[in-house]
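K.L.:
Single-letter residue listing:
There are 2 protein chains.
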Amino acid sequence: MRTQLLLVLAFLPLASLATGQQQPQLNLMPMPSTVQLGTGQLLIDRSFSVAVTGFHDASLDRGVERFVAQLSAQTGIPFRPKLGAANATLSIHADHGREAVQKLGEDESYELVTTTSGAKLTAPTPLGILYGLQTFLQLVQPSATSFAVPAATIKDQPRFPWRGLLIDVSRHFIPLDVLKRNVDGMAAVKMNVLHWHLSDDQGFRVESKKFPKLHEMGSEGLYYTQGEIREFIAYAHDRGIRVLPEFDTPGHSRSWFVGYPELASGPGPFKIDSGGPDSVTDPTREETYKFLDKFVDEMAKIFPDAYFHIGGDEVNGKYWDANPKIQAFIHAHGMKNNQDLQAYFNQRLQKIVTKHHKLMVGWDEILHPDLPKTIIIQSWRGQESLATAAKQGYSGLLSFGYYLDLMWPAARHYAVDPMSGAAATLSPEEKSRILGGEACMWAEWVTPENIDSHIWPRNGVVAERLWSPQEVNNADSMYARLNALSLHLESLGLTHRSARMRMLHRMAGTEDISGLRVLADVVEPVKDYNRWDDAKGPIDFHAPLTRMIDAVYPESEVARHFANLVQAYIQSGFKDQAAEAQIRTYLTTWRDNDAKLHPLMEQSFLLHEVAPLAENLAAVGGAGLLALDYLDKSQPSPESWKTQQLALVDRAKARNADVLLMVAVPVQLLIEASANPARPN
Amino acid sequence: MRTQLLLVLAFLPLASLATGQQQPQLNLMPMPSTVQLGTGQLLIDRSFSVAVTGFHDASLDRGVERFVAQLSAQTGIPFRPKLGAANATLSIHADHGREAVQKLGEDESYELVTTTSGAKLTAPTPLGILYGLQTFLQLVQPSATSFAVPAATIKDQPRFPWRGLLIDVSRHFIPLDVLKRNVDGMAAVKMNVLHWHLSDDQGFRVESKKFPKLHEMGSEGLYYTQGEIREFIAYAHDRGIRVLPEFDTPGHSRSWFVGYPELASGPGPFKIDSGGPDSVTDPTREETYKFLDKFVDEMAKIFPDAYFHIGGDEVNGKYWDANPKIQAFIHAHGMKNNQDLQAYFNQRLQKIVTKHHKLMVGWDEILHPDLPKTIIIQSWRGQESLATAAKQGYSGLLSFGYYLDLMWPAARHYAVDPMSGAAATLSPEEKSRILGGEACMWAEWVTPENIDSHIWPRNGVVAERLWSPQEVNNADSMYARLNALSLHLESLGLTHRSARMRMLHRMAGTEDISGLRVLADVVEPVKDYNRWDDAKGPIDFHAPLTRMIDAVYPESEVARHFANLVQAYIQSGFKDQAAEAQIRTYLTTWRDNDAKLHPLMEQSFLLHEVAPLAENLAAVGGAGLLALDYLDKSQPSPESWKTQQLALVDRAKARNADVLLMVAVPVQLLIEASANPARPN
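Same order as they appear, the protein sequences are chains E and X. So for the first sequence, our numbering puts the first residue at 71; every next one is plus one. So for the second sequence, our numbering puts the first residue at 71; every next one is plus one.
I should point out that these hints are in silico values taken from the structure, not numbers from a laboratory. Yeah, the Cβ is synthetic: ideal placement off N, Cα and C, and Gly gets one too. No incorrect hints appear here.
Listed next, the in silico DSBU-like pairs over lysine-lysine satisfying Cα-Cα at most 35 Å (straight line):
(1) E/K341 to E/K597
(2) X/K225 to X/K501
(3) E/K645 to X/K666
(4) X/K703 to E/K666
(5) X/K190 to E/K341
(6) X/K250 to E/K250
(7) E/K666 to X/K723
(8) X/K341 to X/K250
(9) X/K425 to X/K443
(10) E/K723 to X/K666
(11) X/K283 to X/K421
(12) X/K712 to X/K597
(13) E/K703 to X/K666
Only part of the chain E face toward chain X is listed, based on derived beta-carbon distances under 7 Å:
(14) G146
(15) Q211
(16) P212
(17) A214
(18) N553
(19) L557
(20) H575
(21) E581
(22) P614
(23) S674
Could you put the whole structure together from the sequences, leaning on the hints where they help?
P.N.:
Below, the structure written as structure tokens:
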């Protein structure tokens with residue numbers, strides 16, 4: 071029972087969690103920098119009340135109201151609006167206000183002390199209060215007597231001041247209600263920057279009054295008005311989140327050219343759909359800079375953040391190579407190559423950004439000694455380029471390793487540390503230039519319907535990497551807390567779990583989708599950029615994303631659990647009967663599932679492509695059961711049988727319908743083990 | 071396969087569905103008055119487009135936009151906004167506009183013709199168009215090649231012009247976003263009246279500028295502003311739904327007295343919480359009518375509907391009996407009793423309602439020959455009082471039998487027909503006075519979190535009863551279509567399914583709730599008003615509704631399915647092996663579930679009370695399995711064993727934690743059958 075666990079823990083030496091070991095399983099993500107468990111717990115019942123005793127303003131008051139509403143949603147207790155109560159259960163004290171425009175590096179620390187008689191949350195500013203309230207919400211659990219929060223003293227502050235999530239809204243437009251719930255999720259895991267990738271080849275998503283053809287011709291009607299943007303920024307600010315706009319240039323900018331083809335380095339006419347001519351911005355025309363000056367002026371007034379992201383990545387030089395005037399310009403100005411031309415463009419653009427009182431952020435490729443040290447380099451290439459920048463005196467952000475669209479398991483993102491690799495060898499001063507990082511949700515393959523499940527819960531581990539001490543790195547603990555976070559996020563309004571069910575129902579067209587769910591539970595999308603290759607032609611950004619690959623989670627929890635069971639069973643010398651029983655249950659379900667799925671697969675075109683997967687899963691299930699039978703009898707399985715089964719597993723490992731059957735490898739281990747069942751432990 | 075089914079059906083005589091037999095299983099609810107299936111199907115793909123060719127206005131345009139958005143949500147196809155296309159897939163034609171304020175009895179008919187090459191929806195007014203679009207959405211299913219709609223000719227109009235849902239927002243306040251999604255659900259099943267029960271003892275929910283103490287002191291801050299109400303009425307109007315306000319008086323009106331104690335028949339001070347003094351309105355003071363005159367004047371301007379509901383039910387005479395001045399008034403005016411006094415009150419109130427250009431609606435009790443025939447009687451007592459009213463020339467609505475808070479199974483509501491019982495013997499003219507009915511969601515035991523699951527999907531069968539021909543009454547067909555409707559409603563934004571899962575997660579405090587779900591799947595809340603009795607004292611309307619009874623569905627689909635299997639198995643003379651296998655699977659799961667649930671039940675206080683249920687379910691599962699063993703061996707089970715098992719089943723039938731284990735009775739049938747396994751088929 072939970073309370074006993076806490077009592078036992080309370081007698082342990084009160085060690086900082088930063089030591090990495092002995093982490094108690096509080097369902098916190100990100101893990102605070104220090105947690106000291108006390109004795110007993112604070113009951114959360116109808117008498118719960120909150121008092122704000124120090125500084126407060128309308129934004130903090132709204133934050134406290136949201137906290138009470140969320141606590142009510144979690145517990146089902148209809149708290150009555152009684153915020154200023156004396157002897158409140160939770161007393162909140164902020165020393166002073168926060169910046170009107172949230173700044174990089176503001177004090178985000180807080181201290182939360184919970185005892186059996188009450189809780190006290192203190193922080194220098196409302197920012198820390200917002201984070202402390204999120205910690206409090208994550209601590210609430212049903213206990214044997216009531217909802218409760220364990221007695222504890224938490225002193226917490228982030229490891230890095232810049233903890234971001236990039237959301238690409240160009241490739242697929244993401245409406246504001248979807249962005250808002252994702253901002254709620256970011257706030258829950260203490261991220262503080264939404265990097266809004268607002269333009270790319272496939273869409274320009276911001277209303278421009280100075281250049282209305284940008285959104286009118288470059289968005290198919292799917293863009294945010296300036297009023298909506300202001301309201302959204304206020305929404306994010308209330309939640310302690312800065313909004314960093316990115317307008318990618320000179321590459322990734324076809325959508326600008328639909329309305330303003332004169333900006334392009336090559337001939338149009340351009341269109342949003344792929345298939346027509348492509349291009350990059352022409353850096354040789356003075357009109358380009360006049361345009362950008364007016365444009366940055368307009369956008370700088372809409373986006374209050376101190377930083378302005380100009381993109382700068384993946385400029386395809388072939389469009390400059392193909393334009394004789396541009397080549398002439400390069401020669402006339404003594405430049406050696408296209409890189410020099412991009413550096414020239416960036417310097418011009420940097421001056422414009424500075425003129426409009428912003429600091430420039432750009433991707434790796436903009437790094438050039440002629441640019442001032444105030445810019446920030448965002449690395450998508452690796453810690454190497456981050457370290458290079460830091461050595462040259464530039465600040466940097468890590469995004470390499472945090473690309474959520476690559477469909478990596480959470481543990482792989484979790485293992486990526488901004489201070490590892492080349493960055494580990496930096497001097498303390500150089501290290502201080504690494505400001506944090508950003509997870510990236512590139513939107514080639516997501517829609518408003520499934521973007522939540524591509525971001526969450528995995529984004530929680532990037533948030534933890536950027537907030538918690540470097541030593542908090544145990545993957546088992548992470549996965550246990552990630553599961554709790556996943557549930558918590560759904561209660562906040564995220565749809566990463568419910569959307570999967572809706573999509574499976576759509577595929578099946580029927581209520582009973584138990585068989586489909588068994589299959590969906592054990593597959594994952596193909597990894598990295600393997601969904602598409604150039605041989606398939608350009609991506610069709612208007613295609614429905616309604617296939618199995620679109621519905622399933624990037625990481626299969628069932629496959630992870632199954633692999634752990636197989637590992638435990640093998641490591642026990644095939645003696646762990648509980649593990650074997652669970653393995654058998656899984657394998658039997660899989661073996662029998664194909665027959666169950668057949669009527670559905672025939673009925674719906676959306677399921678035709680998963681037939682080989684269902685067949686392979688049945689085969690793998692059957693093979694695994696036979697392997698267990700050999701192991702139970704302690705008889706080596708025959709060589710010919712083994713060869714045959716391994717061939718079958720190999721087929722099952724191949725991609726089908728662009729997804730991977732994640733349980734094939736553990737079954738392969740069982741088959742291999744069955745050839746030598748007497749193997750010592 | 072669906073397409074083949076349709077082809078076969080196309081060769082059958084094209085019979086009107088009103089004949090009741092041979093209903094094809096199109097997932098339509100309510101079933102249209104006539105459906106003629108054609109040959110083939112209309113594919114729904116990216117090329118889908120809509121054209122509005124006849125009358126249109128902004129409201130219809132919004133309706134078409136919602137339709138396209140919903141079709142996109144159902145199919146996952148990102149349709150591009152291309153509404154006016156020539157050769158559109160779906161062509162829409164309304165002859166003329168609808169009333170600015172929706173009227174009782176407006177033409178609601180439509181005709182929808184779908185062929186392999188396109189669809190045509192025609193109607194006299196946009197009301198019929200709205201209904202036809204809902205029919206179209208329900209027809210869309212994945213087929214073997216694409217999403218598709220079967221070729222068909224549907225001519226449809228409602229059986230009754232008044233098809234309502236009452237939502238009580240007094241006992242528990244229901245916010246507008248929750249009401250809006252329920253209005254969306256009503257539109258999906260072609261209901262056309264939201265009866266808004268806005269005041270009762272426990273809360274007065276409308277802002278009154280003339281009498282601000284009504285909402286300020288009578289609502290605990292939980293009320294709708296007049297602006298919100300106007301916006302909500304416009305929302306409902308867009309969806310073809312009238313909003314009928316009810317201000318219940320002279321009974322059920324304690325909330326008025328908190329701010330205006332002079333309206334009461336007895337002394338205060340009054341408060342919203344139960345426990346203090348109670349009362350009813352004093353009908354003897356002239357000031358009461360002056361108050362009501364101003365009040366109705368104000369409300370009549372906010373609520374545009376032609377009708378105004380004054381409640382009038384359950385007036386507790388003891389407060390009039392106890393007041394000597396009221397008794398003196400009764401004698402002075404030659405009245406015989408309290409009923410006469412209420413009739414006097416109603417007549418006075420009716421004149422006020424008329425003065426402000428409204429027609430009065432009230433519950434059964436207001437029926438009195440002195441009231442004009444323009445009023446409508448809403449019957450909560452039965453078809454008897456409806457018939458009585460109709461004979462006297464009054465119009466009526468049936469709500470008896472449609473109380474969703476009584477936790478009845480859908481089939482029981484479905485069997486209640488406004489024209490049955492006493493109403494069946496009425497003359498055609500008298501029958502024409504029966505305008506329809508209303509489902510009622512009284513809110514003693516619902517919150518914004520679980521109200522959807524108390525209304526849906528069961529409300530669909532009341533909607534069908536009121537829309538479809540009387541002969542559409544096959545319960546098996548209804549249940550199959552109700553399951554499809556349930557899924558459809560979730561895709562519209564209702565939360566009747568997802569909320570249950572969230573609530574179970576809350577109870578467990580953990581991710582894995584499979585054991586809890588097994589239990590939740592086979593229980594139902596106690597029926598009628600058995601949750602509470604006077605011995606328990608007044609209901610605490612501020613208590614959290616977070617127990618098992620609050621989370622589970624009013625009707626258990628698993629229990630219904632299990633009972634059907636047991637029936638099929640017994641009727642087959644115990645030869646139906648497929649049924650037996652499924653029965654065994656259920657019973658085994660139940661037998662083993664108690665052990666699985668134990669850790670959860672110990673951990674969370676919200677689960678303590680379900681321990682006896684889990685134990686009983688295990689016992690019932692074990693007993694059923696033993697009964698099957700006897701039946702398999704064709705050996706009569708021993709009498710002593712049978713007696714013992716039946717005692718156990720009896721215990722399992724008793725209520726625990728205010729819920730009922732719905733699978734005990736079918737297991738009892740198995741045990742009884744096992745005593746005589748050779749029984750002829």
